[in-house]
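Engineer: One letter stands for each residue in the lines below.
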Amino acid sequence: MTRRSIAGSAACAVVAVVCFGAAWPAAQSSLPQGQIPRTPDGKPDLNGIWQAMNTANFDLEDHGAGPSPVLAAGAIGAIPPGESVVEGGQIPYRPEALAKRNENRRNSVPGKPGRNLEADPELNCFLPGVPRATYLPHPFQIFQSPKLIWIVYQYSYARREIPLDNPTDLPYDSWMGWSNGRWEGDTLVVEVTGLNDQTWFDRAGNYHSDALHVIERYTPISAYHLMYEATIQDPKVFTRPWTISMPLYRRIDRNVRLLEFKCPELVEELHLGEYRKTTPSR
Amino acid sequence: MSDRVLVSAALATLVLAVSLGVEPATAQAPAAKPFTPPPSSYNPPRTPWGDPDLMGVWDYQSLIRMERPDDLAGKARFANEAEYEAWAGTNAPNRDTEKGVGAYNEFWNERNFVRNLNTSLIIDPPNGRYPPLTPAAERRRRDIVAKASELASWEDYHALARCIATQTPNAPQAYNSGTYIMQSPGWVAIIRERLDTRLIPLDGRPHIGPNIRHWNGDPVGHWEGNTLVVETTNFTDKQRLGGMSGASVPEGIPFGNFRLIEHFVPVSPSRIEYYATIIDQATWTRPWTFNLPWQRDDDYQIFEYACHEGNFALANSLRGERVQEAEAAKARDAGK
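One line per chain: the protein sequences are A and B, in this order.
When we follow our numbering, the leftmost residue of the first sequence carries the number 1, and every step to the right adds one.
When we follow our numbering, the leftmost residue of the second sequence carries the number 1001, and every step to the right adds one.
Hints in this document: simulated from the structure, not taken from any laboratory.
For glycine and all other residues, C-beta sits at the position ideal for the given N, C-alpha and C.
Careful: at least some of the hints might be erroneous.
To be verified - Here are the simulated SDA-like pairs of lysine to any residue, each with C-alpha atoms no more than 20 Å apart in a straight line: (1) K1238/B with G273/A; (2) K277/A with P1045/B; (3) K277/A with F1303/B; (4) K147/A with S1270/B; (5) K147/A with F1303/B; (6) K277/A with A1148/B; (7) K147/A with P1045/B.
What the hints assert, rightly or not - Quick look at which bits of chain A chain B covers, simulated, 3 or more residues with Cβ under 8 Å: (8) 38-48; (9) 129-141; (10) 148-158; (11) 268-276.
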């Protein structure tokens, strides 16, 4: 860092709120390293549009490049390589659960029409669950107030309401689960329970049971980055809790906004094509 | 299959049966000026960043329909609460005595949630009826409705039955109409329990380009005093089968070129007067406006509306159509 940019950062630090509120991202980039935007009540300001930039949705664990699961898609559908986002590298499956994971992996993209319930739930446009919603290849938007947070994901407009410091009891299991949040210093900690057993963690068949309990941690490390961690507890499937971590990036594209990705429409031909009328009209 | 999936499938099936059954009006209406909502002296609380604070759950279940019933023609408003209640009593049967229903009855609904002394939601034209369609739109509407009845594919079902979207703007619906208004600096989110999420930027940005089309359109908004004004364009013309619960527009009218102007006018801590003005010269002979009050409902907990995940009804319905066609063809062949 040059001396001049240090001086510029310090100047903006004095008026950090103004710099942030006025015309970011230009102003926000002047925040000193490590300084994070804050709401009027002094909490980290997580408002904005965020996105992961990795290949975790293909496979949480180490994976080399692979061919497209759909032959006709060639290199367009090829799997990009990526290193594991799992602390320690590997997911600690119970032996029988690992066999199930491997079976899932073989069935991930069955290559046949219909509602393939043995396939990756993403293939069917089912709600993605937590933590997968975070690292799907789509942005998501955080809305923050002192009392609660909403997260809206571009993927199928999956949504989560997260009350803060006022835990509520889950009424029943659901795809996106039941979230309760709290601040621990500058980290937003979200406990997620009530997740059903219908979602996977990725396209590689990594999965869980209905005993899943996820603890997410969102920690701002700059005006543009959150560090995201999710600790997975599920004694039916894993021998011990395990954690994934990844940075999330603030989307600063001009006029960035979530666009509609209402994917039920996008799988209708796959799910229903066999019932399309082919005979002439009555 | 879990009980929950069964319940979802049952909901998706029943939703097919619920219809508002609206019809287009035929009476000619006078030309309209740009709509301006009645002002309100109520001053709502502020967010920490200074915007009017509308955050929380709102609901708009109502017995009042888009169009004024024939038996109330010429009467724009009920005289008082008592007259409204008397009318409501005959239009919302007692949930304990209601019998012989084919879909949800009033045990499941609470349609008399928002009290509204207007006799129709449409306030302009003043006769409380849709303005006439243009001749071209009327022809197109008939073609769409006629083709849809064939149920040749999923495209002949309402977007709601396909678990894609309800209509924007939306009229009262039978259930699941809790709506969370969430705000952040520069944004308002309108999060409907049923299917739709609208994320409204307030920073003066332009609409998305004309080649991107959304089921719920592309909204941009701003504050005029305490009123949130939202302009929505870029609707897809695939949203064309209205007439279901929550629909504001009759069946067979594509949304493609709609320009929607909405005014959210907070009038008390517990009420927003919501006005939607629809402008589409190719479809309607004049702009028109409806007014749907929103009532705050702090006891309403928004739940996940996992519709597509349990939607076996659409496949079963389509398969049934094809089976019936095959049996009819077989019968014809046997009779030759």
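Engineer: The structure should be examined with respect to each hint, and the outcome stated for every one.
Structural biologist: Going through the hints against the structure:
For the given pair, K1238/B sits about 18 Å from G273/A by alpha-carbon distance, which is consistent with the 20 Å threshold. Note on K277/A and P1045/B: the hinted pairing is violated, with a Cα-Cα distance of about 56 Å set against a maximum of 20 Å. Between K277/A and F1303/B the alpha-carbon distance is near 36 Å, which puts this suggested pair outside the 20 Å criterion. Only pairs whose Cα atoms come within 20 Å are accepted, and K147/A paired with S1270/B is accepted, the gap being roughly 19 Å.
For the hint linking K147/A to F1303/B, the alpha-carbon distance of about 18 Å falls within 20 Å, and the restraint holds. As the CA atoms of K277/A and A1148/B are separated by approximately 12 Å, the hinted pair is consistent with the 20 Å bound. Distance check on the hinted pair: K147/A and P1045/B sit about 15 Å apart at the alpha-carbon level, within 20 Å; holds. Given as covered by chain B, the segment 38-48 of chain A passes the check, having 4 residues with a CB less than 8 Å from a CB of that chain where 3 are the minimum.
Here the segment 129-141 of chain A counts 1 residues with a CB under 8 Å from a CB of chain B, which misses the bar of 3, and the coverage is violated. Residues of the segment 148-158 of chain A lying with their CB closer than 8 Å to a CB of chain B number 4, which satisfies the three-residue condition for coverage. Restraint check on the segment 268-276 of chain A versus chain B: 5 residues with Cβ-Cβ distances below 8 Å, three needed, restraint holds.
When the structure is compared with the earlier hints, violations turn up for hints 2, 3 and 9 and for no others.
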